[in-house]
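The numbering of the sequence shown is our numbering, which starts it at 392 and goes up by one.
Where hints are given, some of them may not hold.
[Said to hold, decoys possible] The following label-pair restraints were derived from C-beta to C-beta distances:
#, residue 1, residue 2, range
1, R633, R986, 52 to 62 Å
2, K982, E551, 50 to 60 Å
3, K987, E598, 50 to 60 Å
4, E551, P603, 28 to 38 Å
5, A963, N466, 12 to 22 Å
6, R710, E598, 25 to 35 Å
7, D593, V708, 46 to 56 Å
[As the list claims (entries may be wrong)] Straight-line distance between alpha carbons at most 25 Å, and here's what the computed DSS-like set of lysine-lysine pairs gives:
#, residue 1, residue 2
8, K709, K808
9, K942, K919
10, K982, K956
11, K915, K942
12, K517, K540
13, K639, K742
14, K956, K946
15, K622, K781
16, K935, K898
17, K781, K630
18, K742, K983
19, K808, K946
20, K445, K522
21, K956, K899
22, K982, K959
23, K942, K956
If you are wondering where the hints come from, they were derived from the structure by calculation, not from laboratory data. The beta-carbon is built from N, C-alpha and C at its ideal position, and this holds for glycine as well.
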Amino acid sequence: MRVSLCLSSPNRFLQSCHRPNSPNPSMASGSSSLMWFRKGLRIHDNPALQHAAKESNCVYPVFVIDPYFMEPDPNAFSPGSSRAGLNRIRFLLESLVDLDSSLRQLGSRLLVLKGDPGEVIIRCLKEWEVKRLCFEYDTDPYYQALDIKVKNYASAAGIEVFSPVSHTLFDSADIIQKLAGQPSWASSPLSTTLSWLPPVGDVGTCEISNVPTVKELGYEEIGQDELTPFKGGESEALKRLRESIRDKDWVANFEKPKGDPSAFLKPATTVLSPYLKKLIVSLAFLSFLPPFSSIWQFGCLSSRYFYQCLTDVYKNVKRHTSPPVSLVGQLLWRDFFYTVGFGTPNFDRMKGNRICKQIPWNDDDELLAAWREARTGYPWIDAIMVQLRKWGWMHHLARHCVACFLTRGDLFVHWEKGRDVFERLLIDSDWAINNGNWLWLSCSSFFYQVPNIFYITSFTSAHDSAEVVYRVYSLSVASHMYKKFSYFNDFHVNQYNRIYSPISFGKKYDPNGNYIRHFLPILKDMPKEYIYEPWTAPPSIQAKAKCIIGKDYPKPVVCHDSAMKECKRKLAEAYALNKRLDGSVTEEDLKKLRRKLEEDENPESNTSRTRQKLIG
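Produce the entire structure from the sequences given, and follow the hints as far as they go.
So, in C-alpha cells, the structure goes:
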C-alpha cells in the first residue's frame, strides 16, 4: 500500500515538534511493529512511523549500517567507502544521532544493526515476532530490489507491510499511470506529529549498538579544513527552514538559475538539498540549495511540508515567481526526475537507455583523474572540485561548469564517470537527480526541451502540480513520444554549442578570484588579471606569487578553445548517427564512429593534450 500525506499549518507544526512526552492510552494494546528507517530520517510528516505506532504495544525503530556503503575503502581516491565520501558518511551519522535523540524524547530509541539490510531486517522480523513492518517507499532501483526480497518474506510470514509515499510530493507510479481523480497527495488525511511512542520490545540475541562515530567505523580523523560546514539531522533541517521562510521576500522572489556560484561564505541558495535528499532541483542539477539539498538527501525534511510552507508564503504576498524557476518549481522538477528515473529502464547508464543519446565518449582515465583531483590547470574548475571534496557541496552553477568541462565542453569523458564522482562526494547525492542532471548537462538527453510546459500552466492546487509533472514526463519519456522528442531536432542540436567557459564564466561573478584564492591557496598571491589564466602570467609574476605554473600548479590539460571545437564536432557526428539510425545505435556503430573521430581529430588539439604532464 502506498499513500502520500500532507501537513497542517507550518506555524502550528513547528511549535509541536518537541512536545512533552504524554503516553496515549489508545496505543496501549496490540502487537509489535518494526519501523525501518532508510532515507526518511525524521519524526515530522512520517506516515510510516505514525502507522507503526498505531495500536502497537511495542515499536522497534531500526536503522541498518550497510558495510557496502559505510566501511572504509583504502583504495578510494579520497577518505570514505567505495560508495560514499567521508563527508557524506559523517552527515548521515549526524542525522542518525539527531533521530535517536528525537526518538528518546518520545520514550523510544534508535536500534542500530550492521549487515546486509535485507538479511538483517528479515532476521529481526523472525526473532522479534513482528506483525507489522513499516518503511518509506523508495523508487531507487537498489531499494526496489531490496524491498521485493523483504516483502516476499513478510507476505509468506503473514506480516503486514505498510510502505507509504512520503519522500516525494507525488507517487511516481501514479504520475506514470495517470490515475483518474485527484492525486493521493492532495486528498489524504493530515500526518500528525507524534508526542509518544510505544516502548522498544525485547531485542533477543540481535546485536544492537548506538550510532557509531566515524572513528568507530574505522576512519582516521581528518583536518578541520576538510570537514563540510553543513551539519546533518532533522533539527538542523527545521532550523534552516525557519530561517529561510522567515524572509518572505526572498521566498517570493527566488529565481533559478540565478545566484552566485562563487559565493562560499554565504551561499546564494537555501542549502536545504542535503536534508531533503534531494528536494530542491535546479533546471539542471536539483540538489543545489546548499544544505537544503542534503537535508532532503536523507529525508531529514519533508518535501511536502516544505511545499506547504512555500504556498503559505505565496498566499500572503502580492506577487511571486513561478515554476520552473521558483522554489515550488524546484520541487516539481524534483518529482519529475524521480518519475523519469522510476519509469525509464537503465536510467543510470548510456547503454540500454532509450532516452539517452549513444555517444562515443573518451575512456581517458588520466583526464578523469585530473578533473576529479583538481589538477586540470584551470583554477575555476579546480577550485570547484576542491570545494566538492572538502564540503561535499557546491552551487548548482558551479556543478554545471565542472560537468560541462568533463563531458561535452573540453575533456569529452563519459558522463557516467563524472556521475560516480558526484555520487560519492556530494552529501546531497540523489540517484534520480544525479543521473538525470548528468544526462542533461552532457547533452545526452533532452530534458531542457520540456521546461516551457511549466510556463504555460497556472498552479492553483496540488492537483494542478501533479498534472504538470505528468505532462512534462509524458512529453519527455512516455513511450509514444520518444521519437517525437528524443532525437535531435534543430533546437536540440543547438544546445551543445552552449559551453561554460572555464575562464570567463567564473570571472563574471568573481573578478578578483576570491573563490579561487580560498580553495586553491597556492594561487592566493596571483594578481587578479592572471588568477583565471595563471599560465599566461610572465615568469617574474609567477615567481613573485610563489606559484610556478607547471611546478607548483599544473598547466592546462587541454587548450579550451581547440578542445571545445573538437567536442562540438564529435557531438555533431554522434547526433547525426543517432538521427540516421533512429536511435538504434549498436556497440559496433559506436566503435566505427570513435575510430572515425580519432582519425579526423585536430592535430593541434591532440598535441596540446598529450604533451601535458599531469602534476600529482
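- Hint check, failures only: Violated hints: 5, 6, 8, 13, 23; rest satisfied.
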